[in-house]
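Trainee: From first to last, the protein sequence lines stand for chains W and X. The first sequence begins at -6 in the numbering used here and counts up by one. The second sequence begins at 29 in the numbering used here and counts up by one.
Misleading hints may appear alongside valid ones.
[To be verified] Distance condition first, Cα-Cα at most 27 Å in a straight line; then the derived DSS-like pairs of lysine-lysine:
1) X:Lys89 / X:Lys474
2) W:Lys39 / W:Lys0
3) W:Lys142 / X:Lys426
4) X:Lys423 / W:Lys142
[Claimed, not checked] Covered by chain W, according to a simulated footprint, are these stretches of chain X (three or more residues, beta-carbon under 8 Å):
5) 239 to 248
6) 371 to 379
7) 399 to 406
Derived by calculation from the structure, the hints in this document are not laboratory data. Yeah, the Cβ is synthetic: ideal placement off N, Cα and C, and Gly gets one too.
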Amino acid sequence: MKGVFDKVAIVGTGCCKFGENFHQSRYDMIIDATFEALEDAGMELKDIQAAWVSTQHEMGGASIVSDALKLNNIPISRCENFCASGMDAFRNACFAVAAGMYDRVLVVGYEKIKDLATRGLPTPPLGWGGHPILFADAPPVSFAMAATKYFERYGIDRVPLAKVAVKNHHNGSLTPKAHLQREVTLEQVLNAPLVAWPLGLFDCCGVSDGAAAAIITRKEIAKSFRDDYITVRGIGLSVSTARPMDRPGYDYNGFTETEVAAMQAYEQAGISNPRKEIDCAEVHDCFTITEILNYEDLHFCERGQGWRFIDDGISTLEGELPVNMDGGLKCFGHPVGATGLRMVYEVYKQLQGKCGPRQVKHAEIGLAHTLGGVPRNSCVIILSN
Amino acid sequence: MAGIVAYGAYIPKYRLSRDVIARAWGSGSMRGEKAVANFDEDTITMAVEAAFDCLGSIDPKQVDGLYFASTTPPYKEKQSASLIATVIDLRRDILTADFSNSLRAGTNALKAGLDAIESKSAKLILVTAAECRLGAAESDFEQILGDGAVAFLLGDSDIVANITGSYSVADEFTDYWRMDRDTFIKSWEDRFTNIYGYMNSVQGAVTGILKKYNLGPGDFSKLVLYASNPRQHTDIARRLGFDVKSQLSDLLFTTVGNTGTALAPMMLVAALEQARPGDKILLVSYGDGADAFILEVTPNIEKVRDRRGIKGYLASKTMLPSYEKYVQFRNLMATEEARVFPSPSSVPLFWRDKKSFLSFYGSKCKRCSLIMHPVQRICYRCQSKDEYEEVKLAKTGKIFTYAEDYLADVPVLPQVSASIDLDDGARVFLRLTESEPQNPTDPPQKIGMPVEITFRKMHDTSGFRNYYWRARPIRGGN
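All chains, full assembly: derive it from the sequences and hints.
Mentor: As structure tokens, this is what we get:
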């Protein structure tokens, strides 16, 4: 439905330095992200009327935010929706503001992964399949299944995937808050050890701790906080069964959840030609193949043309539609609860023209996208200045 | 008259050269190779394989009982036969029983099955035997022992080999043993055990059965005789008056190794594979005494030639590259623990979903015919609720897509997972097994590659064995 989300504006965002934050607790990261957002919005902690928190791995209700910020006796909800957790928390907070319930709402997402010495993301209870027998593989393996099929279907090899890594590492090198800030070469990417064929080490996003926050208000009163507030134009969410691997007829030809969420968001935002109308996008590049499929699912290009989209340089900072301007999950890792809000942070800053060396030109409409599970859900947010 | 209606066998794909073991210890090699169960196999999974091979296209619902023999069942307390019966989808109103603790357990089960048929208490009995024994590092047993399984369907019609006579001796003798807490086989000095144990019991059974049925060694085309090593095998055959060259059947020593309670029955399968109608076979097993049987092959033998059996499974093999890999398969050495937090398993969950997980059923939507696995109450396609029939899924299919995990905490990398389209149209997601590349740049798995499903152990989380199905490239045979 049109006209729900554009009653909502973002007036402050914050993002802690992502990385192997061994020196920081989850509270430290929540504090860093929240206070940057408060400062950005010109608010104090006591101004917050309600909060939403997103985290995937930690149980413990919403008190995590109270514990970190000493926020007592206000409504706080915890949202867990796999990799879309951060965006879904944001979405639910937007509903509350659009409904006129609250004027000053904090959304904060975090994940403290590096306290656990696991490879990649910590395995959820009962394993990735949520079941002792009906397994799902670790994320690299799940997405490698899509890559294998993509290779067969379109006759490509690992090179286009490697180009995604090279691009995002370049962008990450321009982003002080990124975990990985080093450029890589095509040869490095192609010669790195395999994680899950056909994905090598550099085809996979980092493993990082992080937190990010946003403060939203009613658009009507946004000007009282700042002139360059950012408007929420649309949010789409699509959730499917958790196991595409044995879903009858599942064809691995892109991820329909992304496509459906994007169509919802485009309709709300009145976007008919995303390739032309969207000026910059943060997309869920958990793996390089995912970014290529995202191009197709978000209708940035035709089906089967995602590999050409990167090959032709369309998604570079200087390209026609810059994607993952801050280096994406590739360089920020994927602290699950934080990721969607970290993307909102970057798009918000881009639309305000505050991104320094990685600032894209004429940024007026931006997109953020997360893809959760193996996959099972997707959320797409459209923002404009 | 009771006899064998069908036979089947199973030999794991992996083989370890005895030279490799000898090299590891700087000791002498007994030559040849032994079959080694994969890390995801145990005696239950191997018995399941043999049972499927044996049944072929025979309807499992006709079977009235399942006996399982092994000295190495996964559980000390809990029946294996009931699990095997569920996996191969037998009826509920049957007798299941485990036979254990003796190298003679396999033929004990055979005898019990024959008695059930002859007494008319059952029409078809499936007898399985499997073994996966461990010899201590650097011991002779380590080279001698092999892993494998066998199955016979017994009945009173459509018999391929009539069992026309049997004779047993029971001898208390402690030559090979494992006490409750022993992992590895112990034994007494072999010059003593060979004469007073093995030879004494086998001679007793053979002379006894020949006398009972008024037969002589010359009446048999084959002698299928258990022995713990080739020398013992030929020595006793000569002593009993059989011609080693023409009558003594292959001990499978150089190809499989000593599979304990499954050995004599496996040798019998090998003999039946080569038998012609009218052949008379003397089967003799050993362990705390000896069992002897007289078999007469019928013209029906030609009808079961399609079983993979010993011949088929022997021909399909992968040599283990090192002794260390064998050590890893059998979990004989402490290795670095993976930094993974174990996920709990659940007995009620297995009980609730055993038709899906163990018997490998799916649901078929009565409205739109979509087949789903595991069984689903709501149809993925038309969303009809509780309008389905449970259907047994196809055992073969083709890979739709796959991925190779190079970081998995398993003994064989990469660990391959695949979305598979079964031949009946069901889509299943399974791990592949025995699909490791001989050449890293040319892995066996490809999109479109035909696979067959195989019942395997997944893990022992929550202290009990969690089984499910895997897929493998179709093994040679037939």
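Trainee: So, for every hint listed, does it hold in this structure?
Mentor: Hint by hint, here is what the structure shows:
1. X:Lys89 / X:Lys474: Measuring from Cα to Cα gives roughly 36 Å; hence the hint is violated.
2. W:Lys39 / W:Lys0: It holds: about 23 Å lies between the C-alpha atoms, which stays within 27 Å.
3. W:Lys142 / X:Lys426: holds, 14 Å
4. X:Lys423 / W:Lys142: holds, 23 Å
5. 239 to 248: violated (count 0)
6. 371 to 379: holds (count 6)
7. 399 to 406: Holds, because 4 residues of the segment 399 to 406 of chain X bring their Cβ atoms closer than 8 Å to Cβ atoms of chain W.
Going down the numbered hints, you'll see the structure goes against 1, 5, while the others check out.
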